[in-house]
Amino acid sequence: MNFAPDSALRTVFIAFSTLACPAAVYAQTASDSTENASSIALPSVVVTADKIERPLEMVPASVAVIDGQELELSGITSMEQLESRIAGLSFQPFGQAGMKAPVMRGVTAGIHSYSSSVLLLVDDVPTLMAQGFENSLLDVDRVEVLRGPQSTLYGRNAETGVVAIHSQQMEDTPRATLTTELGSRDKRDVRFALSGPLVANTLYGSFSGSVARQSGFIHNTYTGGDEDSTNHKYLNLGLRWTPTDADEVVTRYTRQDYNDGAALWGNAGQPSDRVASTTPSWNRSLGQTFSINASHLFDSGLRLRSITAYNDYQDKVLQDSDFTPVERLYIGRDNHMRTLSQEFRVEGQLGRADWLVGIYGDHGNNDLRNFALRSPVFSDYGGRLKTDSVAFFTHWNVPLNDDWSVSAGARIERMSAGITPTGGGHSSQDWTYVSPKLSLQYQINASNQWYISASRGVRAGSYNIFVSRLNYPSYSPEDIWSYETGLKGWALDKQLRYSLAAYVMKIDNMQVQMQPAVGVIYTASAAKATSKGVELDLDYLLGAGWQVTTGVAFNHTTYDSFQDGAANYAGNYNTFAPRLNGHVDLRYTAPQRWYAQGSVVGTSKIYLDAGNRYERNGYGLLNLVVGYPFGQWEVAAYANNTLNKKYDAEGYNAGYYTIYSPPRELGARLTWHM
1 MNFAPDSALR
11 TVFIAFSTLA
21 CPAAVYAQTA
31 SDSTENASSI
41 ALPSVVVTAD
51 KIERPLEMVP
61 ASVAVIDGQE
71 LELSGITSME
81 QLESRIAGLS
91 FQPFGQAGMK
101 APVMRGVTAG
111 IHSYSSSVLL
121 LVDDVPTLMA
131 QGFENSLLDV
141 DRVEVLRGPQ
151 STLYGRNAET
161 GVVAIHSQQM
171 EDTPRATLTT
181 ELGSRDKRDV
191 RFALSGPLVA
201 NTLYGSFSGS
211 VARQSGFIHN
221 TYTGGDEDST
231 NHKYLNLGLR
241 WTPTDADEVV
251 TRYTRQDYND
261 GAALWGNAGQ
271 PSDRVASTTP
281 SWNRSLGQTF
291 SINASHLFDS
301 GLRLRSITAY
311 NDYQDKVLQD
321 SDFTPVERLY
331 IGRDNHMRTL
341 SQEFRVEGQL
351 GRADWLVGIY
361 GDHGNNDLRN
371 FALRSPVFSD
381 YGGRLKTDSV
391 AFFTHWNVPL
401 NDDWSVSAGA
411 RIERMSAGIT
421 PTGGGHSSQD
431 WTYVSPKLSL
441 QYQINASNQW
451 YISASRGVRA
461 GSYNIFVSRL
471 NYPSYSPEDI
481 WSYETGLKGW
491 ALDKQLRYSL
501 AAYVMKIDNM
511 QVQMQPAVGV
521 IYTASAAKAT
531 SKGVELDLDY
541 LLGAGWQVTT
551 GVAFNHTTYD
561 SFQDGAANYA
571 GNYNTFAPRL
581 NGHVDLRYTA
591 PQRWYAQGSV
601 VGTSKIYLDA
611 GNRYERNGYG
621 LLNLVVGYPF
631 GQWEVAAYAN
641 NTLNKKYDAE
651 GYNAGYYTIY
661 SPPRELGARL
671 TWHM
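Residue numbers (this note's numbering): 1 to 674.
The reader is advised that the hints may include incorrect statements.
When the alpha-carbon atoms are kept at most 25 angstroms apart in a straight line, the in silico BS3-like pairs for lysine-lysine are as follows [what the hints assert, rightly or not]:
id	residue 1	residue 2
1	Lys187	Lys645
2	Lys316	Lys233
3	Lys528	Lys605
Since the hints were made in silico from the structure, they are not lab data.
All chains should be modelled from the sequences, with the hints used to inform the complete structure.
Here is the structure:
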């Protein structure tokens, strides 16, 4: 099923206009009841989107939330699978585990920019680049996805959004989970989570992890085997110490190991899922994080919080690139990227208003090496890229009266980047910018809100460390001004929750990953662009055990002007940005507790290059799951990509590569809960 953007958008809106209408009607009429009142209702959701706990509907921004139970039921165990549940979030097709470049509101960052347009926060530990933008989503309380610029509170690299993962709290009540899974291509997966008190009312611990293995689907006709087998290990250790009612210290260590075969790459124009490689290809990357999150509540009501985090990622890859029995072309990476960050903030209340002020700093130390064989020439190049950032920020939520409230904040941040290529020489630059945000919210009635906001998002500037022939050119920070309005709230006695947002973003110094020839990759920042779109989320309890959850995002991002050398790309679409994506999930839970769920996930085509010559076609996927809990056990069966649709990205890297899409996967899992 290929999705043309206009027809797909029309189909989704027609199919679900009947669900959207009740929200709009109830927002206008301020009705708080229906003729057929029901005892069922959706649960309230509390988020920390602005670093302070508040109900989801009270945040003047487009926010989507998935709780841990939903992740487990749907079998979502990777960042990429969030595409199936978060409208407006997608990832560049790249084909390597542990390397995920997010796309949101039509904006993304190149893999080799060592930067990201969307910030990943895992228990307040930031990941600032595609390298390590991954998580096994184990022992998770919820995932919050904030759409739109969040640089005021979260700094650079949160220019179009934040994905915030919150682990379950360690507390006095012990809990344990063990899941075993078998699936297609000899898939074997074991996941576990343990948590409980070590010293009653004072010290708590958690221990979770997973081991997942699966054979590949890309057949090597030269060796007779498969190329893309995977072997992932994940570990998460936590300690929580509460020496007094006013003090808390949470320490976490996480580790992600990859021992994979080749990335999901093949030769453009060749038969699907077939290579004839003689060069061994592998991914032996390793990611580790360590964090200390401490807080103290003063008698005055002020809370002081300190977050110290260290993020370490080693990107070790060898990849055949000619896919023939003759060793003519391959590429490799041996990168080691480290980031140390520190945040201090004070939170408090002033009358009915809540506020926070904070300072933040980080230091990045990245040893980078790329090597390649382009027969008969072997090249080996790289160097050290260092980055530093220091920022001061504040944010206030102030009720003006019973109906109107204002949220305002600003961040001033100074960034620097320095490059020392292998073989000598050094260059550095620094930039200072201010990121304000102002939102006005109106309480239409007890259940519905309207808001309007303006904000600025910034992505860090840096250097093209692998473009030695041009003396490693720098590129400027990307700058976004965003204007957004939206409606959100409840209807039908809280059986329906909705959020509708519309936005326009003006983008300056847009950073675009350019790939004019095989093996030639650099970041240009000469583009101006406009991004505009609409996002809709609905969660609807139909009654009698039925529930519908849906989201759809429409985006239109094109270059207003973009001249790179002799090429003019004005009017073209930005790379990797779908005009439409979304999902529809229908679930039935029987009185006997068994459940069944069907999900349709769709996206329109994306362009793989600024010239809009190469593309991945739009597609629609059907995912199914059925499960039955009994006592402390639950058994479930699933079918992902049930109809076995192909959605290969043909033409990556100047038309040379195809990034293969995973085939249908069938499986079953058995889970035990304590």
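Against the structure, the hints:
1. Lys187 <-> Lys645: 20 angstroms, holds
2. Lys316 <-> Lys233: 16 angstroms, holds
3. Lys528 <-> Lys605: Since the Cα atoms of Lys528 and Lys605 sit roughly 22 angstroms apart, the hinted pair holds (cutoff 25 angstroms).
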